[in-house]
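Residue numbers (this note's numbering), protein chains in the order written: chain L, 1 to 541; chain U, 542 to 644; chain C, 645 to 1004; chain P, 1005 to 1240.
A couple of the hints might just be wrong.
[Unchecked claim] Incomplete in silico selection of chain L near chain P, CB under 7 Å: (1) Lys108; (2) Leu177; (3) Ile211; (4) Thr220; (5) His231; (6) Ile232; (7) Gly240; (8) Ile540.
[As the list claims (entries may be wrong)] Computed footprint of chain P on chain U; a stretch qualifies when at least three of its residues, placed anywhere within it, have a C-beta under 8 Å from a C-beta of chain P: (9) 563-571; (10) 580-591; (11) 608-616; (12) 626-632; (13) 637-643.
To be clear, the hints were calculated from the coordinates, so they are not data collected in a lab.
Heads up, the beta-carbon is just placed ideally off N, CA and C, and yes, glycines get one too.
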Amino acid sequence: MIAATVPVKEEKNYMNAEHGLKSWLLTQDHKRIALLYLLSVTVFFIVGGLFAALIRLELTTPAGDLLDSNTYNKVFTAHGVVMIFFFLIPSIPAILGNFLLPLMIGAKDLAFPRINLLSWYVYMLGGTLGVVVLATGGVDTGWTFYTPLSTTYSNGYVVLTAMAAFVAGFSSILTGLNFIVTVHRMRAPGLTWFRLPLFVWAHYATSVIMILGTPVIAVTLFMLMLERGLHIGFFDPAYGGDPVLFQHLFWFYSHPAVYIMILPSMGVISEVVSTFCSKKPFGYTFIAFSSVAIAVFGFLVWGHHLYVSSQSAYAGMVFSILTYILAIPSAIKIFNWAATMYKGQVRLTAPMLYALGFIGLFTVGGLTGLFLAAMGLDVHVTDTYFVVAHFHYVMVGGAIMGYMAGLHYWWPKITGRMYSQLWAKVACCLVFIGFNLTFFPQFVLGYLGMPRRYHVYPVEFQVLNVLSSGGAAVLGLGYLIPGVYFLWSLKYGAKAGDNPWGATTLEWQTSSPPPTANFEVTPVVTTEVYDYSNTEVPHIV
Amino acid sequence: MQEHSEHHIVPKRVYALVFTTLIIMTWVTAWISTVDLGPMNIWVALSIAVFKASIVVLFFMHVKYGTRLTKMIVCSGILWLMFLLFVTMGDMWTRGWMGVPGR
Amino acid sequence: MPDQSFQLFPEAASSIAGQVDALYAFMVLISALFSLLIAFLIIFFAIKYRHRPGIKPTFKPADDHSIGGMVLEIVWTAIPLVLSMVMFVWGVSIYFTQSRPPADSMEIYVTGKQWMWKVQHMEGAREINELHIPLNRNIKLTMTSEDVIHDFYIPAFRTKADVLPGKYTTEWFKATKTGAYHIFCAEYCGTKHSEMIGTVYVMNEADYSQWLAAGSGEGSMAEQGQSLFNQLGCGNCHASAVNNGIGRGPNLNGLYGSRVDLKDGTAVKADESYIRESVMYPQAKLVAGFDDVMPTFKGLISDEGMLKLIAYVKSMGLKQGAPNTVPPASVTTNSTAPTAGRGAARAATPVTAPTSAGNK
Amino acid sequence: MSSHAASSHTSAVVGHEAAHDPNLKHHFENADQQKESASIGMWVFLLTELMFFGGLFLAYFVYRQWYPAAFISASNKTDVLIGAINTTVLICSSLTMALAVHYASLGKKQLLVFFLIATLLLGGIFLGVKGYEYHDKWVHHEIPGEHFECEGCQDAGHAQLFFSLYFGMTGLHASHMIIGFGILLVLIFQANRGDFTAKWYTPVEMFGLYWHFVDIVWIFLFPLLYLIDRVGRPLL
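Use the sequences and the hints to build the structure in full.
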């Protein structure tokens, strides 16, 4: 795949090129910025996870005994805001995408390194503001900020929380902008569009959504802040404003935002499945174009959140059919991944286990999305735990499983060290079991009619809630273990080597960890993508 | 192969022409608002605005001389704006078709 | 009290519930099939094609073509597409059934506020966080909110609809099983969202009539609306049956459901939202042929009061025999002068409780 | 992919082959690639700006459709003459900006500085006039909120929505002008110092795109906010 590789001295890499805090905080190296993101995103994940633990603890009993209503509402709002705006959206793009995109296309860096660093600072500003506000007073509107609750009736710090999300949005815009320009202008010679790894396609599609969707949530939050802070009303029914207009604007971004979370994950899965089957992904072009299709059609389905919101039935009908059409590209991806394994050389390494877990959980998440797209059925299950279960299957079972798969897959590249496969597989199984135990009962709860965001609930729902809380404990444990063996590997892990998995994409052609400039010599690509004919298949299980 | 955003020196004559058109259209659109066109009023005003915006984009912003990629970016911006405006207005326009409040 | 025993599947107690459950069962089946297929494939491939060092792979890049790459792609695009179109059509048809209340529906008004449900029956009975309804009758709820968005959800009936401030939404159902079922607020509405719950009691006809007779001390909704109408002096300007159709304002007789021509040349259907807007924002939609003289009543009428006024306007000039309404006779008992009318309405209050029972 | 990227791949020393051009960042292969990247980046940024304003435009169209009477009478309270003059001022500033880019590309430093200053002044006039209008609205209690009044408005209850949109849209527009104003000051300083050459004037060019975009937003705001149905009223 690569025309000229000059052996590099092992000692010199992006991590030890410079030392000191300043060399990290002022770095313009995309790899170092990715690590800054990794560190901060992990902190936000822990914070969001603690809020989740409080929620599940409270819900083990039907009465409101652990937290009072007001606190409970603030806790689930905080969980949503932190997990969505400060964890899920930046997770894969800003960490793995940032690290790998230039490597995969044979570039020395992203197109705008300073903007890349700026995006991290903007993100930290938003994230810190968000966590400080949520910790010191909180807000009880839910992450959806529906008006007029948020503008008139809420007693929390709505403006500051909205400001935090608003600021974090700009970080995501800057990242998306950087990726788009980079993919267009920084590819190595010979690296045509159809030689791009599917991870790059997925991130290109994600960036399109970030660019076109995020500004709309920004202006929506801007209007919300004006209405709440200065009484300049846009949605206030007291003056004839329409709260449903707010919901349109909100979901115009927030539905595609789900694809910001899931598309990069899909990109990771395509890489991982291909590598551990030593086979070009079945239907490469179909997978690539399905990412783009999701990015475009993803913008036309937001109204399926509004079937019971007094949206017109005819508009709902259009949104419904578009939603079903949008399900097809996701289905195509799943079938293609399965077909990739056919006659492959399958190695069930930890990243591969995570990837297979992703396929299973995302299948369930996607299929239950079809239930919610069916208008007549949605009327019953919307705003219940069915929805909660569905989007956790997509976001946790999908996005986070994909993130874990990616982290395990590229860890040797990022750090140069190998972690314990055994422990990683144990953790993966715990996550898979714990996850299903937590969220599967919620489908049942939802169809029984338990509404979401309920602090107290009728006693007949308790058994399923206890199951769910028990599962959450297992899930939490499953997420803690990687923290331990990853840290362990930094010091004691075996040296990974440049290409431990036998992968073919460009990032594996440079040393692990890569040098600051990524490649000693700009690579010239002369072969097709995922050409395993000259790659040895290492047996790591 | 890629098109290049070559230095294209736009003649000053073009700037003058665009500028004059913009000024004239500004006063035309102000005048036309006093003419009774019924519901067409907003569409006429918007058409004039779209025309003005187009010549700014094409000449002042050099898109006419730009790469295909630039043109694609501009078009996708317009397309997505239309997604936002028309799909939402689709809801507003069809509310009440069924004759049942809230459907 | 609703059933408190552990269940895995909710009670189905409305005419629509069976249809929703059928679609649900269909989708569960399809989903299970697909999930198992995928799970089987990846597990089977992971075992069958596991990497064995030293053994040459059987796969050659050309294999993907030999198993018919393009054909496969088309097949697994087409099959899900067809299935999902079935789901789409099925879902829409149920939704449209759920959306259109049958013409013979009996009306009940619901007002949500943080954190309670207030219910007004046409006959005048009022209740909080409870809803008593007769078995096997089509019930249409017209709902509004005094503050934030709520959502009136009855899981056993498989139906819900958001309840919004400043406008009206509708929900209808026909209960098919007597008993007590949960009412939940399903749209997050602030601190005590989870306590904004209630119970719907489905009663057989006789029990219901008995219940209704016990609880309507203030007169029917239309009558209460009429007294409010007179208090506010609406009849001073608005022509109605009361003043023989002459006045500075439009005639309200037979207004509800009719087409109203507006000054700007357009026309609207006079539904609940139109009546509400015309009271709160009289200038927003001026009726053709009338001057802009009406002051706004914004802030002077509560949401519940507004519903009473609407009930009264609906009752004006309504055709005989229409169900669930106050017979016109009880409306026309008032004299023309507003003051007198007010007195008359008060006097009429205690007697009219079970008026509409005869309409059933 | 850009063919020119391949031209230098034989050079083994990273980032130093370009040392002769101080404006070329190390991770770009050559000036063309850098310039195109900047231009695409700017256009993508404008795309986000477009969607940003799009939300407010959507709200405008919805409420204008619902409450035409309120919108007509509230809009008639704005001063068309001032609006038209301000539109003219902004179009003039767009012309001067276009000319500034033009002369930058020809490497004519004096004219570049002159037209940048002209743009700055015209932008300043626009903001000044806008400030006057805001003050006028303030005096007449036409600011949404508790003390809102709309004297002589038809359907005053809904007129507040118009003014919310008026302030939201023009306010957001003005804040873009203010940011542009700040950047212009920096550009003038840099241009005067002789930072820009006929070969490299990317910041001027990119700022030009931004400025024209802000102009375009106003081109839509003017008819939508000032010119709703003035039938039967004198234009001036």
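- Task: Of all the hints given earlier, name the ones this structure violates by number, lowest first.
- Result: Those not satisfied are hints 8, 13.
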